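Note that the protein sequences, when read in sequence, are chains Y and F. For the first sequence, our numbering assigns the number 1 to the initial residue and increments by one for each residue that follows. For the second sequence, our numbering assigns the number 350 to the initial residue and increments by one for each residue that follows.
It is worth saying that the hints were derived from the structure and are not from the lab. Note that this is a predicted model, so its numbers are computed, not measured. Heads up, the beta-carbon is just placed ideally off N, CA and C, and yes, glycines get one too. No incorrect hints appear here.
Estimated spans, in silico, between C-beta atoms of each pair: (1) Y:T216 with F:E607: 28 to 36 Å; (2) F:K676 with Y:S42: 34 to 42 Å; (3) F:A655 with Y:G173: 51 to 59 Å; (4) Y:Q293 with F:E442: 37 to 45 Å; (5) Y:E163 with F:K574: 51 to 59 Å; (6) F:K354 with Y:E310: 36 to 44 Å; (7) F:P364 with Y:S42: 36 to 44 Å.
Over 12 Å on every C-beta distance to chain Y, these chain F residues come out as not near it, computed from the model: (8) N376; (9) N405; (10) Q417; (11) V459; (12) T467; (13) E476; (14) I506; (15) G522; (16) N556; (17) G561; (18) N639; (19) D641; (20) W652; (21) Y679.
Pairs of lysine-lysine, DSSO-like flavour, derived with a Cα cap of 27 Å: (22) Y:K308 with F:K490; (23) Y:K308 with F:K496; (24) F:K573 with Y:K345; (25) F:K594 with Y:K225; (26) F:K594 with Y:K141; (27) Y:K347 with F:K574; (28) F:K354 with Y:K26; (29) F:K694 with Y:K225; (30) F:K444 with Y:K245; (31) F:K696 with Y:K141; (32) F:K444 with Y:K95; (33) F:K354 with Y:K141; (34) Y:K291 with Y:K159; (35) F:K574 with Y:K345; (36) Y:K147 with F:K594; (37) F:K496 with Y:K245; (38) Y:K345 with Y:K245; (39) Y:K5 with F:K528; (40) F:K694 with Y:K224.
There are 2 protein chains.
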Amino acid sequence: MNLSKPYLTTRSLQPENQETPIQFIKNNIISERLFFRRNHFSYPNLTYSSYWLPVNGHVRNPQLFSLQNIMSLPSKALTVVLECAGNKRSFFEPKVFGEQWEKGAISQGVWKGVPLKTLLQLAHIKEGALEVVVEGYDVGKRTDTDKVYSYARSLPIEKALHEDTLVAYEYNGGPIPFKHGFPLRLIVPQWYGMASVKWVKQITIVNRAFSGPFQTVDYVYYPKKDSDEGATPVTTMRVNSSIKKPLDREILTTGVHEINGIAWTGKGLIVKVEISTDSGQTWTEVKLRNKDQYSWIDWSYDWEVAEKGEYTILSKATDSHGRVQRKEPYWNRKGYGYNGIDRIKVKVE
Amino acid sequence: MNLSKPYLTTRSLQPENQETPIQFIKNNIISERLFFRRNHFSYPNLTYSSYWLPVNGHVRNPQLFSLQNIMSLPSKALTVVLECAGNKRSFFEPKVFGEQWEKGAISQGVWKGVPLKTLLQLAHIKEGALEVVVEGYDVGKRTDTDKVYSYARSLPIEKALHEDTLVAYEYNGGPIPFKHGFPLRLIVPQWYGMASVKWVKQITIVNRAFSGPFQTVDYVYYPKKDSDEGATPVTTMRVNSSIKKPLDREILTTGVHEINGIAWTGKGLIVKVEISTDSGQTWTEVKLRNKDQYSWIDWSYDWEVAEKGEYTILSKATDSHGRVQRKEPYWNRKGYGYNGIDRIKVKVE
Numbered sequence: 001m002n003l004s005k006p007y008l009t010t011r012s013l014q015p016e017n018q019e020t021p022i023q024f025i026k027n028n029i030i031s032e033r034l035f036f037r038r039n040h041f042s043y044p045n046l047t048y049s050s051y052w053l054p055v056n057g058h059v060r061n062p063q064l065f066s067l068q069n070i071m072s073l074p075s076k077a078l079t080v081v082l083e084c085a086g087n088k089r090s091f092f093e094p095k096v097f098g099e100q101w102e103k104g105a106i107s108q109g110v111w112k113g114v115p116l117k118t119l120l121q122l123a124h125i126k127e128g129a130l131e132v133v134v135e136g137y138d139v140g141k142r143t144d145t146d147k148v149y150s151y152a153r154s155l156p157i158e159k160a161l162h163e164d165t166l167v168a169y170e171y172n173g174g175p176i177p178f179k180h181g182f183p184l185r186l187i188v189p190q191w192y193g194m195a196s197v198k199w200v201k202q203i204t205i206v207n208r209a210f211s212g213p214f215q216t217v218d219y220v221y222y223p224k225k226d227s228d229e230g231a232t233p234v235t236t237m238r239v240n241s242s243i244k245k246p247l248d249r250e251i252l253t254t255g256v257h258e259i260n261g262i263a264w265t266g267k268g269l270i271v272k273v274e275i276s277t278d279s280g281q282t283w284t285e286v287k288l289r290n291k292d293q294y295s296w297i298d299w300s301y302d303w304e305v306a307e308k309g310e311y312t313i314l315s316k317a318t319d320s321h322g323r324v325q326r327k328e329p330y331w332n333r334k335g336y337g338y339n340g341i342d343r344i345k346v347k348v349e
Numbered sequence: 350m351n352l353s354k355p356y357l358t359t360r361s362l363q364p365e366n367q368e369t370p371i372q373f374i375k376n377n378i379i380s381e382r383l384f385f386r387r388n389h390f391s392y393p394n395l396t397y398s399s400y401w402l403p404v405n406g407h408v409r410n411p412q413l414f415s416l417q418n419i420m421s422l423p424s425k426a427l428t429v430v431l432e433c434a435g436n437k438r439s440f441f442e443p444k445v446f447g448e449q450w451e452k453g454a455i456s457q458g459v460w461k462g463v464p465l466k467t468l469l470q471l472a473h474i475k476e477g478a479l480e481v482v483v484e485g486y487d488v489g490k491r492t493d494t495d496k497v498y499s500y501a502r503s504l505p506i507e508k509a510l511h512e513d514t515l516v517a518y519e520y521n522g523g524p525i526p527f528k529h530g531f532p533l534r535l536i537v538p539q540w541y542g543m544a545s546v547k548w549v550k551q552i553t554i555v556n557r558a559f560s561g562p563f564q565t566v567d568y569v570y571y572p573k574k575d576s577d578e579g580a581t582p583v584t585t586m587r588v589n590s591s592i593k594k595p596l597d598r599e600i601l602t603t604g605v606h607e608i609n610g611i612a613w614t615g616k617g618l619i620v621k622v623e624i625s626t627d628s629g630q631t632w633t634e635v636k637l638r639n640k641d642q643y644s645w646i647d648w649s650y651d652w653e654v655a656e657k658g659e660y661t662i663l664s665k666a667t668d669s670h671g672r673v674q675r676k677e678p679y680w681n682r683k684g685y686g687y688n689g690i691d692r693i694k695v696k697v698e
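If we strip away everything but chain Y, and leave its shape as in the complex, we get:
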């Protein structure tokens, strides 16, 4: 009765977009209840009794897989962090439009499925295959046009053939929860979440660049406010970290306080996390835990504070490709890929 538990933070309901209360998550495997929900459209209506997955297009042997077929193929299970490309959008200055995600458009857990590569091999891709288009069952209107689109994204053929790009059918040991893509969801480790198409309807191999609006209009970095100059596609996750504890604007007493958080990257591994408790004048390397290929790492530091006052605490991660969080995030018009050094402020009294 006296138990206090965190909830998803509601950003919108039509479509449903809700954020993981990341500061209050103690476990590194997020349950369905607290896994962030991100939708472009309302939830699809699927008829499971007639569910088949076509793999077609630029192939020699088009396939129609039943769920049983797919589940009988060799599988693998991976702990993968999924981060929405719009995570932390609300922190951009100048502010941008769209869902005002704070630090919680990110979750992770164990996805099990068959490598997409296996399905593509069974269909015998033809010479000249360039991309693999994955279409979801979710459809609807966009604000920028009256046309109806399904949510569809392509992957470059190399990423589609990567052995860890999965067509997943399990999450944390159970069927994938409906809101997260049941019965099948593409899982693309290291890429922002928009690539991990939910409710997979069809997989099509193409020999030219796919140009759906979810990769030619949305999920594009537009560095200019008023023109599309310099546009580049959103793909792998940037190196990033988030302070979970203390909370921003928390009031503390003098003494020892644990500062902790998470760090992750879409290239290689996190090799270093530094924190500063003096607004960036000095930095200390902190302890890393649970380092895993596709998951976030935990980090923590015991901060001894004797003097009352206001403190700005920063966290900065570095990955094995030498990428490091910068003070200034890469501003872009649609607000993707925010990875500025994380910052909170506390008062010690």
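Following the hints, position chain F against chain Y.
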């Protein structure tokens, strides 16, 4: 299965502070599930089998009421808006410390109970009674001292004797939910929520000013950052309004959109709500609905927008005492009573 519902927004768990997702509330009576939770300490342990309410102090006939006694006295039910004094604290500039409430540290519903006045009359207040101290069962340490305090607040005798100040035992027709004060909660209409003490343990009439930290340290407006000069107590709610729809930073199409929200005050009634869709250059009076003595009112406006672009939408309420929201809120060090004109920004594309 496809239903999307809003949740409380978690601000902290120790103690539990969670915010009502006010933008997504359609009903004007908030259910327990979505009523904001605001605590100073962890939840108290109460033994209900031995629950008695003492009314003592500067009285001729100290009383010890059982719940049955209280429930057998003449009762009244009132729809009351309860707003945390820290509601909207996160909007202050410069920013202040403490729970970073956005627009949802506010809820309303129907509280039923016996007027506090009835209990005071049964105890026969003596001449010279100045204040009534209401103590809750919640106790704990504060960050500014090592002493243990219970949560206790006093009311001036006139407010305590107001016929609508209730010792409530029902919320929305059922027992008061535990997290909101079961079995008895003081309900002080028109005052910020800190006055509505939960889990009432004792009521004491005093003939001098009570000086507990929850009214001499906290719940005080300190207009200066570095001194206590000009400090005044936090009491009645300021005139206020919140835009619920559209959402801040929402992307809309051209056409007609409903702009709606709520407005409330701690003095008299809301008599006017104006909105501006051009950053405050022009104002339009909007339709008010559900005007009730102690509740918020709903307002709405059909906005026809033909031209693409960015729009700043403002809402401004006026009450029957001539109080009106100002552009600049009254900044104060602890961040109470924010009532600046509400403001969102949308993009029409």
